[in-house]
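Sequence lines, in order, name chains A and B.
Everything in the first sequence is counted per the numbering used here, starting at 1 for the first residue and increasing by one.
Everything in the second sequence is counted per the numbering used here, starting at 1 for the first residue and increasing by one.
Hints in this document: simulated from the structure, not taken from any laboratory.
Being a predicted model, the structure only gives us computed values, none of them experimental.
Built from N, CA and C at the ideal position, the CB exists for glycine as well.
Any given hint might turn out to be false.
As the list claims (entries may be wrong) - Over the 12 Å line for every Cβ pair with chain B, so calculated as not near, a few chain A residues: (1) G46; (2) H57; (3) A124; (4) T194; (5) E219; (6) D228; (7) E245; (8) F248; (9) R295.
To be verified - Taking lysine-lysine and the PhoX-like style, the derived pairs with C-alpha atoms no more than 25 Å apart in a straight line are: (10) B:K305 x B:K319; (11) A:K200 x B:K250; (12) A:K200 x B:K257.
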Amino acid sequence: MVVDLREPLVRIRGLTVEFRVPRGILRAVDEVDLDILRGEILGLAGESGCGKSVLAHALIKQVDPNGYIKSGEVIFEGRDVYSLSEEELRRFRWKDVAIIFQAAQNSLNPVLRVVDHMIDTVLAHEKTSGNDEIIKRSIDLLKAVHLDADRVLKLYPHELSGGMKQRVLSAMSLLLKPKLLILDEPTSALDVLTQKYFLKLIRDIHEKTGITMLFITHELGTIAEIADRVAIMYLGNIVEIGSVEDIFYDPKHPYTSALINSIPSIVGDVDKVKPIPGPVPDPVFPPPGCRFHPRCPFAFDRCSKEKPKLRKIEGERLVACHLYDSKPSSNLTAS
Amino acid sequence: MTEPLIDVKNVTKLFEIGGGLFGKKRYICAVDNVSFSIKDGESLALVGESGCGKSTLGRLTLALLKPTSGQILFKGKDVWNMNSAEFKEFRRNAQLIHQDPYDALNPMRTVFQSLAPPLTYYKIVSNKKELMEKAAELLELVGLVPPEDFLKRYPSRLSGGQMQRIAIARAISVNPKFLVADEAVSMLDASLRIEILDLLLNLKKKFNMACFFITHDFGVVRYFAKGGRVMVMYLGSIVEIGPTDDVVLKPLHPYTKALIASVPVPDPKITRSRPLPPLRSLEVPNLTEVPSGCKFHPRCPYAKKICAEKIPELKKVSKNRFVACHLY
Numbered sequence: 001m002v003v004d005l006r007e008p009l010v011r012i013r014g015l016t017v018e019f020r021v022p023r024g025i026l027r028a029v030d031e032v033d034l035d036i037l038r039g040e041i042l043g044l045a046g047e048s049g050c051g052k053s054v055l056a057h058a059l060i061k062q063v064d065p066n067g068y069i070k071s072g073e074v075i076f077e078g079r080d081v082y083s084l085s086e087e088e089l090r091r092f093r094w095k096d097v098a099i100i101f102q103a104a105q106n107s108l109n110p111v112l113r114v115v116d117h118m119i120d121t122v123l124a125h126e127k128t129s130g131n132d133e134i135i136k137r138s139i140d141l142l143k144a145v146h147l148d149a150d151r152v153l154k155l156y157p158h159e160l161s162g163g164m165k166q167r168v169l170s171a172m173s174l175l176l177k178p179k180l181l182i183l184d185e186p187t188s189a190l191d192v193l194t195q196k197y198f199l200k201l202i203r204d205i206h207e208k209t210g211i212t213m214l215f216i217t218h219e220l221g222t223i224a225e226i227a228d229r230v231a232i233m234y235l236g237n238i239v240e241i242g243s244v245e246d247i248f249y250d251p252k253h254p255y256t257s258a259l260i261n262s263i264p265s266i267v268g269d270v271d272k273v274k275p276i277p278g279p280v281p282d283p284v285f286p287p288p289g290c291r292f293h294p295r296c297p298f299a300f301d302r303c304s305k306e307k308p309k310l311r312k313i314e315g316e317r318l319v320a321c322h323l324y325d326s327k328p329s330s331n332l333t334a335s
Numbered sequence: 001m002t003e004p005l006i007d008v009k010n011v012t013k014l015f016e017i018g019g020g021l022f023g024k025k026r027y028i029c030a031v032d033n034v035s036f037s038i039k040d041g042e043s044l045a046l047v048g049e050s051g052c053g054k055s056t057l058g059r060l061t062l063a064l065l066k067p068t069s070g071q072i073l074f075k076g077k078d079v080w081n082m083n084s085a086e087f088k089e090f091r092r093n094a095q096l097i098h099q100d101p102y103d104a105l106n107p108m109r110t111v112f113q114s115l116a117p118p119l120t121y122y123k124i125v126s127n128k129k130e131l132m133e134k135a136a137e138l139l140e141l142v143g144l145v146p147p148e149d150f151l152k153r154y155p156s157r158l159s160g161g162q163m164q165r166i167a168i169a170r171a172i173s174v175n176p177k178f179l180v181a182d183e184a185v186s187m188l189d190a191s192l193r194i195e196i197l198d199l200l201l202n203l204k205k206k207f208n209m210a211c212f213f214i215t216h217d218f219g220v221v222r223y224f225a226k227g228g229r230v231m232v233m234y235l236g237s238i239v240e241i242g243p244t245d246d247v248v249l250k251p252l253h254p255y256t257k258a259l260i261a262s263v264p265v266p267d268p269k270i271t272r273s274r275p276l277p278p279l280r281s282l283e284v285p286n287l288t289e290v291p292s293g294c295k296f297h298p299r300c301p302y303a304k305k306i307c308a309e310k311i312p313e314l315k316k317v318s319k320n321r322f323v324a325c326h327l328y
């Protein structure tokens with residue numbers, strides 16, 4: 001069977017998510033277009049509050065009570081996620097898409113053993129499986145995440161360390177063989193040594209199963225380590241998408257390069273590190289035009305007036321910046 | 001040799017845990033026989049993973065916690081044997097910047113109301129007019145201009161970065177000689193982090209303050225403690241001390257090596273070519289059951305027989321470099 005590996009598994013178009021906050025309406029995700037390609041690890045990076053987590057949760061139609069999906073669509077393998085019934089949606093979550101959260105350690109039930117978690121998870125979605133079959137599947141998966149499966153199955157959550165819990169959850173999330181695994185800041189609560197091993201594990205799982213992943217983090221180092229392709233988000237907008245090499249070695253959007261240059265690392269020249277100029281704008285009252293323009297060293301007239309669209313500039317690279325408009329000068333005179 | 005500003009001598013801090021009414025009392029050793037000193041105007045960074053005791057050590061150097069044993073000397077005087085005037089002077093001289101600026105400021109007080117008490121308590125100002133001037137001057141120093149815009153604001157009307165600037169302004173308002181910054185930038189976004197670090201570096205230089213900089217991030221250490229020293233802590237013990245760049249670029253202790261090898265680097269080719277550190281175990285031992293000998297030995301790939309038996313001392317291995325490891 002020939003499958004086009006670059007066919008998108010998920011197609012997000014014009015997605016806008018808003019929240020009612022005391023000061024007004026906060027548009028956390030602003031007309032976002034994004035494809036998640038089959039079999040890739042897509043890294044979604046941005047600073048806190050940029051909307052990356054909201055975007056990922058909107059993908060499975062999960063929004064906090066004070067928020068709502070204003071417009072847009074999510075097409076998952078040809079199915080329109082937002083027109084699924086409650087029951088279809090319940091099955092879609094976890095069976096088609098599994099999420100590992102940042103505070104995942106707290107999502108285990110303290111009075112259930114690991115084995116009970118596994119059985120419950122499967123039975124909630126597949127009524128036919130027998131316990132023995134589920135346990136066998138669980139053992140295979142726990143071994144795949146380098147845990148002593150027979151022992152761990154009998155343990156309660158409090159008997160597991162943070163790193164072990166994260167691995168148990170990874171195994172659990174793969175139980176139903178989902179097509180998409182969303183990892184929302186999965187490493188933030190882990191210490192540095194465990195982090196490195198967890199990322200290696202994610203890579204191993206990816207190599208073995210070919211599962212599509214959306215990896216969300218604010219840590220650019222982690223993105224560099226894990227992602228095939230990277231989307232950079234700023235104040236609700238995706239400003240750039242490209243291969244991990246393109247993003248790190250040849251960033252096009254001024255925000256992407258400013259972000260990369262603002263990170264002191266253990267390699268390279270720390271003297272070249274510099275802050276992103278200007279204050280972070282109030283997300284309830286974002287700047288007009290390009291939302292980055294008040295902080296952008298290259299901003300010109302048009303940037304404060306017209307919002308740049310995310311579009312292809314070369315190969316697989318998409319950028320939302322007026323610097324890359326084909327005819328910036330003619331448009332300039334027009335405005 | 002000039003006298004160190006802060007001299008920490010064989011300090012140990014035990015915390016009592018559990019017990020209950022009839023249960024047996026147990027202790028965890030958060031800081032275990034630690035000695036080091038900080039000179040006038042020096043930057044010393046302390047790196048370690050969460051739970052290693054680095055915040056406790058920071059609080060000990062500020063005399064916010066009393067050591068179970070050992071001494072903390074400020075300009076040669078034991079801070080726990082000072083008379084009240086000396087102790088007040090020490091308190092003025094040693095200031096803390098917290099990790100969480102949201103917790104450091106009282107939400108019911110305006111910026112001015114947060115800045116004023118230390119200024120009047122330590123008689124930095126003598127009347128209302130001077131107080132207003134000094135508060136405005138402090139805000140300008142930390143880059144919050146024009147000051148009038150900020151003085152009457154409540155913390156809820158400030159961003160995280162602005163709050164951290166206020167916390168810094170308050171800490172430096174009483175002209176301290178010694179600043180402890182406990183994860184002062186870890187709650188901030190990448191784009192703000194460098195700005196706040198630059199601010200701290202400038203103020204430190206301007207007022208010649210010594211800075212004890214506590215963090216888990218080696219990248220931040222390299223930026224802040226450039227030309228200074230770094231100290232690495234594991235389960236309450238100092239395992240390595242040395243000049244910042246030497247330690248980061250050529251770590252000696254197996255734990256430091258593993259830590260540095262694990263730090264993700266924002267460069268795909270470099271970070272993917274770095275091998276996994278060869279650890280024997282990923283599990284951090286429970287603080288109530290600390291391993292014998294070298295605390296790192298159950299995880300250390302180079303552990304020998306002696307490592308489980310004898311506690312390695314922090315010894316000098318080359319100029320300015322100290323390591324607590326039987327390999328050296």
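Okay, the hints, checked on the actual structure:
1. Distance to chain B contradicts G46 (chain A) as a non-interface residue, since its nearest Cβ pair spans about 9 Å, not more than 12 Å.
2. The claim that H57 (chain A) lies off the interface holds: its Cβ sits roughly 20 Å from the closest Cβ of chain B, which is beyond the 12 Å cut-off.
3. With a least beta-carbon separation of about 31 Å from chain B, A124 (chain A) lies farther than 12 Å from that chain, consistent with its non-interface assignment.
4. At roughly 6 Å from the closest C-beta of chain B, the C-beta of T194 (chain A) falls inside 12 Å, breaking its exclusion from the interface.
5. At the 12 Å boundary, the C-beta of E219 (chain A) falls inside the reach of chain B, the nearest C-beta of that chain being 6 Å off.
6. Once the 12 Å rule is applied to beta carbons, D228 (chain A) is inconsistent with being away from chain B; the minimum gap is 10 Å.
7. Non-interface call for E245 (chain A) relative to chain B: violated, since the shortest CB-CB distance, roughly 6 Å, does not exceed 12 Å.
8. For F248 (chain A), the condition that its CB be more than 12 Å from all CB atoms of chain B is violated, with the nearest at approximately 5 Å.
9. Not every CB of chain B lies more than 12 Å from the CB of R295 (chain A), the least distance being 8 Å, so the non-interface label is violated.
10. A hinted pair counts as satisfied when its Cα atoms are at most 25 Å apart, and K305 (chain B) with K319 (chain B) does not qualify at roughly 28 Å.
11. For the given pair, K200 (chain A) sits about 24 Å from K250 (chain B) by alpha-carbon distance, which is consistent with the 25 Å threshold.
12. Proposed proximity of K200 (chain A) and K257 (chain B) is supported: the alpha carbons are some 18 Å apart, at most 25 Å.
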